Amino acid sequence: MPWNNQSGGGRRGGGGGGPWGQGPSGGPHQQPDLEELLKRSQDRLKQVIPGGGGPPGLLIFFLMLAGAVVAAWFAFFFVVGADENAVVLRFGKFDRQVDSGLHFRLPPPIEEVRVAPVRTEHVTNIGFESTVAGRGVGRDLPSESLMLSGDENIVVVGFTVRWRIRNAKEYLFNIQNPKDTVKEVAESVMREVVGESDLTPLITEARGKTEVAVKRLLQDVLDYYGAGIDIQAVSIQKSEPPALVIDAFRDVQAAQADKEKYQNEASGYASKVVNEAKGDADRILLTAKGYREQAIAEATGQTARFLKVYEEYKKAPEVTRKRLYLETMERVLGGADKIILDGKAGQGVVPYLPLDQLQKRKEGGN
Amino acid sequence: MGKILAAVLVVLVGLAAVAAYLSTFIVHVNEQAVVLTFSNPERVINEPNGTDGPGLYFKVPLAQTVEFFDKRILDYDLPTLEVTGQDQKRLMIDTFARYRITNPKLYYQAVRNERGLRDRLKPMMEAAVRGVLGSAKFQEIVKEKREVLMKDIAKQVNEESKALGLEVVDVRIKRADLPEQNQKNVYDRMRADRQKQAAETRAEGTALANKIKADADRQVTIIKADAMRDGERIRGEGDAERNRIFAEAFGKDPDFFAFYRSMQAYEVGMKSSDKSVETRMLLSPDSEFFKYFNNPTGAPPGPAKK
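Taken in order, these protein sequences are the chains called A and B. All residue numbers for the first sequence refer to this note's numbering, where the first residue is 3 and numbers rise by one. All residue numbers for the second sequence refer to this note's numbering, where the first residue is 5 and numbers rise by one.
Hints listed in this document are in silico derivations from the structure and should not be mistaken for laboratory results. There's no promise every hint is true.
[Unchecked claim] Pairs of lysine-lysine residues, derived as DSSO-like cross-links and limited to a Cα-Cα distance of at most 27 angstroms, are as follows:
no.	chain 1	residue 1	chain 2	residue 2
1	B	155	A	211
2	B	256	A	316
3	A	274	A	316
4	B	228	A	280
5	B	256	A	310
6	B	93	A	280
7	B	228	B	217
8	B	217	A	171
9	B	141	B	109
10	A	95	A	181
11	B	159	A	181
12	A	324	B	256
13	B	200	B	188
14	B	7	A	41
15	A	263	B	217
16	B	63	B	93
17	B	295	A	95
18	B	295	A	316
19	B	166	B	126
20	B	256	A	317
21	A	263	A	185
22	B	149	A	185
23	A	41	B	63
24	B	7	B	93
Predicted, not measured: the structure shown is a model, and the values here were computed from it.
Same shape as in the complex, but just chain B (with noise of 0.2 angstroms):
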C-alpha cells in the first residue's frame, strides 16, 4: 500500500517536475526571446529599450514556442573585394560589420536566422562597399578619409538593414592593399627610390669630400704663403740688421772704410774663379806700386802719387 503511494508520488512529482519545465523558460542577460503562439511572434523579451527584462517565464505548453536571439554585438566579416576607385585605381578592401539585433521579431521574420542573416547581409554590404569606395579616390581610401568612409558605409548599410530589425553598430576596412599584381609595381618603385636616394647620399659624400680637400689645399696654399712673407720679412730684418751694424761700424771712418773695403774687394775681385787660367793684367809702372820700380835710392819720389 505505502509502495503504492510511494510510486504515485514519485510519480506526481515527476509530471510536475516536466510541467514546469514545459512552461517556464529563462531569458538571460545577453539574450532577447521572441514567443511565438502557434508559430505566430507574439511576445517580445529583452529587446533594447524593452519593457520586460531577462528573467523567469511562462509560456503555455506546446501552444507556445521560444525563439532566442543574441543581445550582444555580433561579427560579421565580408570576404576581400576588389574595388576600383574613382581614380581608375584598384584596392582589395577586407572589411568587417559589427551588428546587433534590435528588433528581434523583424528579425526572426525577415531572415530566421544566421545564416538567412548572411544571405542577405552580404549583398547589402558589397554594394555599400563599392558605392562608397566607388566614388573616393586612392589616397582618401588608404590616408585620408578612411574614418569618414567607414562611417559612410556603416550608415548605408543601416538604412537597409532596418529592415531586418539589426542595426550595424561599426564597420570597419581591415584591409586595403592593392592587388597582388600591382604590387610588383610598389616594389620596384620602391626599390628605385632607395636606389635613388643612395646614390644621392653617396655623391652627397663625394662633393663633402671634395669641398673638405679643397678646403684642405686652400689652407696648405695659405699656411705656406704666410709662411714664405713671414720668412722674406724675417730675412729682411736680418739684411736691415746688417746694413744697420755695417752702417754704423763703417761710418765712424767712412775714408778709411771706402780704402779698406777696396783692398778686400780688389783681392777677392780680381782672382779668376776659374784656377787654371790667371788673371792677366796690363800695368803701367807708373802707379802707386811700382813708386819704387825704378827708384833703387828709396828717396821718396817727388809728383808720382797713386
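Isolated chain A, as found in the complex (with noise of 0.2 angstroms):
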C-alpha cells in the first residue's frame, strides 16, 4: 500500500498499522484487530461480488454478516479495565473521559480511546533492583544507590517511589515518559536532599526528613510538567555507609558499646566497694557500741562491788579497812620474795634473812 508513506514519514512511535495511524503512546489495545477485520472483510467484499450467486455465495454472505456484527461490536463498544479510566478523542481532539466498564464510541479514525491506569499503585525502585516476589531489599545498583553527602562523604540510599496517576489527561498527553520521568527526577531530587545534609543524620535520624523533603520536591518538579501524576509516598529501604568502610561505622557502634560497658564494670566496682566500706563502718560502730556497753557494764559492775563493799564498811570502818590492808597484803606479799630490813638494830644492815643465799640466787638467776 503505496500512499501508507505518504502521510507518516514525520510521526514517532506511532502504533503500527492502518492508514490513520496511531498515537505514539497509549493506544488503545483493540485496534489492531479491528483495522485487521476490516480490512479482511473488504478484501472479502471485492472477491465475493463480482463471483456472485449459488449457495456458496450465500453462505459466504451470512458468515460475512456475522464477521460485520463482529467487526461493529468491536468497532463501536470498548471496555475499559477496572483499574483504569479512558480518554476519548474525537479527530483527535480531547472529547470526553470515562471510567471503567463498557463504553460506546464512534469507529477509528473518528474516535480514538487512551487508557491510563489510574487505580494502579505505581512503584519506582531506586538503588536497588526490585526483587521478583516485590518485596524486599534487592541487589544493589551502585550507579544508582551511591550518592555524595554535603559533608563529601559517601552514602548508599535506595529507596522506594509509590505513584498514582492524578489527572489521566495529564498524564497522557503532557509528558512523553512519565515513569522513566519519575524515576529521573527522583534521583536527582534525592541527591540534592542528600547533598545538602550531613552523613551522619542521613543515615540514622534524619531518614523521615529526608524522605519528606525527596517527596515534596519531586511532587513540586512533576507538577511543573504538569505530569498529571501524585506522589503518594517517599520510602528509604536502607541509608547506610558504602560496604567498603561498613567496618568502620560497626565499630563505631562497637565502641559505643565498650563506652557503655566500661560505665556498667566501673558502676559496678563501686558499688562494691562502697558497699563494703557501708559494711566496714558498720562493723566499726557496732565494735565502738560494744566497747561502750562494756566500759559502762565494768564501771557499773566495779562500782556495785565497791559499793557493797562500802555499805559493809560503813557498818565497821576500823575494822574492816584494817582487815582490807591485811588480806591485800597477805596475798601480796605471800607471792612475794621478800628481805626485811630492820633500820634500827645496830648500825649498817642486820640481815634477819640470808643475805647470802640472796646474792647466790642472783648469780643464779643471771
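Quick one: dock chain against chain with the hints and give me the complex.
This is the structure we're talking about:
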C-alpha cells in the first residue's frame, strides 16, 4: 500500500498498522485487531461480489454478516479495565473521559481511545533492583545508589517511590515518558537533598525528614511538568555507609557499646567497694558500741562491788579497813620474795634473812 | 448489467475513500503538525499559543505533506561529563533536560527530526554545564547552590535553543559524584573519621569509668572516716559514762575509795608479769603489816602506826 508513506513520514512512535496511524503511546489494545478485521472483510467483499450467486455465495454472505456484526461490536464498543480510566479523542481532540466499564464510541478514525491505569499504585525503585516477589530490598545498583553527602562522604541510598496518576489527560498528553521521568527526577531530587545533609543524620535519625523533603520536591517538579502524577510516598529502604567502610562504622557502634561496658564495670566496682565500706563502717560502729557497753558494764560492775564493800565498811570502818589491808598484804607479800631490813638494829644493815643465799640466787638468776 | 453497476459503485466508493484518506489528516492533542507545500512549511497546527487546535484537517493531495511533532514534554539525557570546578575539584556530572517543541516550523527547518536535535543539543548542554559548573565551587555544586546552578544551566541552554524552536523546561543534575579515583580518598577519610570517633568514644568510656571508680573510692574513704569518727565518739561516750559511774559511786567516800582502790592496785601491781621471777621486796619491819611482828603480847603498840 504505497500511500502509507505519504503522510506517515514525520510520525514517531506510531502504533503500527492502519493508514490513520495511532498516537505515540497509550493506544487502545483492540484497534489493530479491528483494522485487520475491516481490511479482511473488504477483501472478501471484493472477491465475493464479482463471483456472485449460488448457495456457496449465500453462505459466504451470512458469514460476512456475522463478521460484520463482530466487527461492529469491536468498532463501536470498548471496555475499560477496573483499574483504568480512558480518554476518548474525537478527530484527535479531547472529547470525554470515562471510568471503567463498557463504553460506546464511534469507530476510528473518528474516535480514538487512550487508556491510563489511574487506580494502580505504581512503584519505582531507585538504587536497587526489585526482587521477583516485589518484596524486600534486592540487589544494590551502585550507579544509582551511591550519593555524595554534604560533608563529602559517600552514602548508599535505596528508596522506593509510590505514585498514582492524578489526571489521566495530563498523564497521557503532557509528558513523553512519565515512568522514566518519575525515576530520573526522583533520583535527582534525592541527590539534591542528600547533598544538603551531612552523613550521620542521613544514616540515622533524619530518614523521615529526607523522605518528606524528597516527596515534596519531586511533587513540585512533576507538577511543574504538568505530569498529572501524584506522589503517594517516598520511602527510604536503606541508607547506609558504603560496604567498603561499613566495618569502621560498625566499630563506632562497638565503641559505643564498649563505652557503656566500661561504665557498667566501673559502676559495678563502685557499688561493690561502697557496699564493702558501708559494711566496714557498720562493723566499726558496732565495735565502738560494744566498747561503750562494755565500759559502762565494767564500770557498773566495779562500782557495784565497791558499793557493796562500802556498805559493809560503813558499819565497821576501822575493822574492815584493817582487815582489807591485811588481806591484801597477805596476798601481795605471800607470793613475793621478801627481804626485811630493820634500820634501827645496831649499825649497818643486819639481815634477818640470809643475804648470801640471796646473793647466790642473784648470780644464779644472772 | 446490475453486476456491472455494483462493481462500478464499489470502485467509486473505493476511490472516494482513497481521496478522503489522501486529503485529510488528524492532529491529536499531543501532536503538532506542520503542513508542507512542496516541502515548504506553510501552516502550523496545534502549536502552543497557536490558533488551530487539534482536530481534522484537509490538505491538497500530493502537493501537500504533513510533518508531525510531539507536543509533550520530551526527554534529553546528557551523557556523564567530567567537570572541573572553580576550586579545581573534579566531579562527574550527569544531567538530563526536559524540553518541548514550541516552534515546530523553526524546529523542522533547524533540526528536522529528533536525531538532528540530539546532535545540536548535546554540545549546547555540555557547554552550558561546563560553563556554569566550572565557575562554581565544589561545595556549591554538591550542597549549597545546586538548585540555582540548575536554573542557570537551563537559562543558558534556553537562550541558544530558541533558535531550534524549542524551550528547555528544566535541566536537572541527576548525579554529581566524585571520579572513581577520588572515591578511594573519600573512603579512606571516612574510615579514618570513624576510627577517630571510635577511639574517642572508648576514651570517653575509660575516662567516665575512672571517674566513677575515683568517686567510689572517695565515698569509701568518707564512709570509713565517718564511721571512725562516730566510733570514737561512741567510745568517748562509753568512757564518759564509765567515769560518771565511777565518780558517782566513789564520790560517796573518797577516803575509803582511795584506800580500797590502793589495795586493789597493790595486789595487781605488785604481781610479777613473769611468773618465773618473783617480785622481790625490801621491807621495813616497822610497817603496819609488821605491827605485831615484834610484839608477841598482842598489846596495841603505842607509837608505831603506819
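We went through each hint and held it up to the structure:
Between residue 155 of chain B and residue 211 of chain A, the direct Cα distance comes to roughly 25 angstroms. Compliance with the 27 angstroms bound is thereby established for this hinted pair. Between the alpha carbons of residue 256 of chain B and residue 316 of chain A the distance comes to roughly 11 angstroms, so the proposed pair stays at or under 27 angstroms and holds. Straight-line distance between C-alpha atoms of residue 274 of chain A and residue 316 of chain A comes to about 62 angstroms, which puts the hinted pair past the 27 angstroms bound. Between residue 228 of chain B and residue 280 of chain A the CA atoms are separated by roughly 8 angstroms; this keeps the pair inside 27 angstroms, and the hint holds.
Between residue 256 of chain B and residue 310 of chain A, the direct Cα distance comes to roughly 12 angstroms. Compliance with the 27 angstroms bound is thereby established for this hinted pair. Between residue 93 of chain B and residue 280 of chain A the alpha-carbon distance is near 66 angstroms, which puts this suggested pair outside the 27 angstroms criterion. Straight-line distance between C-alpha atoms of residue 228 of chain B and residue 217 of chain B comes to about 16 angstroms, which keeps the hinted pair within the 27 angstroms bound. Taking the CA atoms of residue 217 of chain B and residue 171 of chain A, the gap is about 73 angstroms. The hint is violated against a cut of 27 angstroms.
Distance check on the hinted pair: residue 141 of chain B and residue 109 of chain B sit about 40 angstroms apart at the alpha-carbon level, beyond 27 angstroms; violated. The suggested pairing of residue 95 of chain A with residue 181 of chain A holds, with an alpha-carbon distance near 24 angstroms, which does not exceed 27 angstroms. At roughly 26 angstroms between alpha-carbon atoms, residue 159 of chain B and residue 181 of chain A fall within 27 angstroms of each other, so this suggested pair holds. A C-alpha spacing of about 20 angstroms is found between residue 324 of chain A and residue 256 of chain B, which places the hinted pair at or below 27 angstroms, so the restraint holds.
With a CA separation close to 18 angstroms, the supplied pair residue 200 of chain B and residue 188 of chain B stays within the 27 angstroms bound. A threshold of 27 angstroms between alpha carbons decides the hint, and for residue 7 of chain B with residue 41 of chain A the separation of about 22 angstroms falls inside it, so the pair holds. Of the supplied pair hints, the one linking residue 263 of chain A and residue 217 of chain B holds, its CA atoms being roughly 14 angstroms apart against a limit of 27 angstroms. The straight-line distance between the Cα atoms of residue 63 of chain B and residue 93 of chain B is roughly 58 angstroms, outside the 27 angstroms bound, and the hint therefore fails.
Distance restraint check for residue 295 of chain B and residue 95 of chain A: the Cα-Cα separation of roughly 158 angstroms exceeds the 27 angstroms cut-off, and the hinted pair is therefore not satisfied. A distance of roughly 24 angstroms separates the Cα atoms of residue 295 of chain B and residue 316 of chain A; the hinted pair therefore holds under the 27 angstroms criterion. Our distance criterion of 27 angstroms between C-alpha atoms is met by residue 166 of chain B and residue 126 of chain B, whose separation comes to about 15 angstroms. Taken as a hint, the residue 256 of chain B and residue 317 of chain A pair is honoured in the structure, with Cα atoms around 15 angstroms apart against an allowance of 27 angstroms.
A C-alpha spacing of about 46 angstroms is found between residue 263 of chain A and residue 185 of chain A, which places the hinted pair above 27 angstroms, so the restraint is violated. Of the supplied pair hints, the one linking residue 149 of chain B and residue 185 of chain A holds, its CA atoms being roughly 22 angstroms apart against a limit of 27 angstroms. For the hint linking residue 41 of chain A to residue 63 of chain B, the alpha-carbon distance of about 25 angstroms falls within 27 angstroms, and the restraint holds. Restraint check for residue 7 of chain B and residue 93 of chain B: not satisfied, since their Cα atoms lie roughly 86 angstroms apart, outside the 27 angstroms limit.
Violated hints, listed in ascending order, are 3, 6, 8, 9, 16, 17, 21, 24; each of the other numbered hints is respected by the structure.
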